[in-house]
Amino acid sequence: MNDEEYRDILQFTRRALNKAGLSAIDERIMSDIRGSEGAFWDLTYYLKHLTEEVALGSDIHLSNVLRRVRRYVETDTGARIEGVRIVISEEDRERYRAEHIDLAPNPELGRLAQELRTLIEELYEDYRRDSNRRGEE
Amino acid sequence: MNKKAVKARIEAAIRRFAEASSSNAYDLVPQSLTSGKLYEAHVLSIVIENLSTQENMQIILVNSQFIPLKSSPGPINRKYPHFELRRNRDLVAELWTDVEFTSLSYNQRGASSSVQRGDYHELDIVVCDSGVNGRPFHSQIWLGVECKNTGYTKGLLKEILGIRRELSLLQNPRPTRFSNWPRTQVPADPPSCLMVFSTDSTVTEYAGPGSVFGIDFNHEPI
Numbered sequence: 002m003n004d005e006e007y008r009d010i011l012q013f014t015r016r017a018l019n020k021a022g023l024s025a026i027d028e029r030i031m032s033d034i035r036g037s038e039g040a041f042w043d044l045t046y047y048l049k050h051l052t053e054e055v056a057l058g059s060d061i062h063l064s065n066v067l068r069r070v071r072r073y074v075e076t077d078t079g080a081r082i083e084g085v086r087i088v089i090s091e092e093d094r095e096r097y098r099a100e101h102i103d104l105a106p107n108p109e110l111g112r113l114a115q116e117l118r119t120l121i122e123e124l125y126e127d128y129r130r131d132s133n134r135r136g137e138e
Numbered sequence: 016m017n018k019k020a021v022k023a024r025i026e027a028a029i030r031r032f033a034e035a036s037s038s039n040a041y042d043l044v045p046q047s048l049t050s051g052k053l054y055e056a057h058v059l060s061i062v063i064e065n066l067s068t069q070e071n072m073q074i075i076l077v078n079s080q081f082i083p084l085k086s087s088p089g090p091i092n093r094k095y096p097h098f099e100l101r102r103n104r105d106l107v108a109e110l111w112t113d114v115e116f117t118s119l120s121y122n123q124r125g126a127s128s129s130v131q132r133g134d135y136h137e138l139d140i141v142v143c144d145s146g147v148n149g150r151p152f153h154s155q156i157w158l159g160v161e162c163k164n165t166g167y168t169k170g171l172l173k174e175i176l177g178i179r180r181e182l183s184l185l186q187n188p189r190p191t192r193f194s195n196w197p198r199t200q201v202p203a204d205p206p207s208c209l210m211v212f213s214t215d216s217t218v219t220e221y222a223g224p225g226s227v228f229g230i231d232f233n234h235e236p237i
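Taken in sequence, the protein lines are chains Z and D.
Quick note on our numbering: the first sequence kicks off at 2 and runs consecutively.
Quick note on our numbering: the second sequence kicks off at 16 and runs consecutively.
Don't read these hints as lab results, they were simulated from the structure.
Just to be clear, a hint being listed does not mean it is correct.
What the hints assert, rightly or not - In the DSSO-like style, the derived pairs of lysine-lysine whose C-alpha atoms are separated by at most 30 Å in a straight line are:
(1) 49/Z with 20/Z
(2) 169/D with 20/Z
(3) 22/D with 49/Z
(4) 22/D with 20/Z
(5) 19/D with 49/Z
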């Protein structure tokens, strides 16, 4: 692929994020970009940040918390610790329409983050191959 | 790979991301609440790890299979989930989250009048005597922890200095209830330990007063 195609993919990705109602994430990623390193690098930088956002949604941090707590804590019933529960105070219950919120890892987002990492790796491989080919010519 | 194939994979990924994000049960809850509580859970897990590995405590979560946190602080309700802390199988203390304690100044006034708003303060994580119901007295606190998933500011320093003031009087160092972690001695009477964890590295710039008053400031990124 050439620079024009990489630029097109980046624009397509940004439009898709906005169309999916995830414009806040697009803004967050774009605000982190400091100048252009070239079309390919801009695209992969953007995709890496997007992957981090997806991984955050998969609650990697939460998984680490659970792993650590499960290692050192037993429950009185012997059952496994399932997640984190935030009990909502009575005055907030109407606003949040819930008595509690359970935070538990979302495995779907974990899988998705891994798929995006694979895509980025394949883009790198293509880019290296194309660069070598251009060098040979 | 060609452009069309890459676009198709990205489009599918974003669609799944949007679907998974919108399926979260806590959509109505501000991100600031969940991220703040997630940080609290992170610090809680570190406290638990240290109580286990350095204090050799056995830790048992009672009344739940979920790590308990609250959206707002309050008194201890014994029906709520909490952690029992045991040494050699003996229950020695309990760990609660988002708890208010009654202040030293309330106690100094005789603790006989009804508790007013200024007579209690919250701590994110508390280790205290076992069996407490309602707000623990300042003298029942073994360890208080504040978690700040935010930029650390002078205002937060003043807040924690106020907490220290309402937990203990400044005294020559005396033994805490712990054998290793977080401290064996603290310049405070009653000898409660007090810790601040913050994601902001500048928190360590505020550690000076803590070295005098017995407050440990920790930079703990998530």
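Checked hints:
The suggested pairing of residue 49/Z with residue 20/Z holds, with an alpha-carbon distance near 20 Å, which does not exceed 30 Å. Restraint check for residue 169/D and residue 20/Z: the C-alpha separation of about 42 Å exceeds 30 Å, so the hint is violated. Of the pairs offered as hints, the one joining residue 22/D and residue 49/Z holds, with about 16 Å between alpha carbons and a cut-off of 30 Å not exceeded. Taking the CA atoms of residue 22/D and residue 20/Z, the gap is near 14 Å; set against the 30 Å cutoff, the hint holds.
Simply put, residue 19/D and residue 49/Z have alpha-carbon atoms about 20 Å apart, close enough for the 30 Å limit, and the pair holds.
When the structure is compared with the earlier hints, a violation turns up for hint 2 alone.
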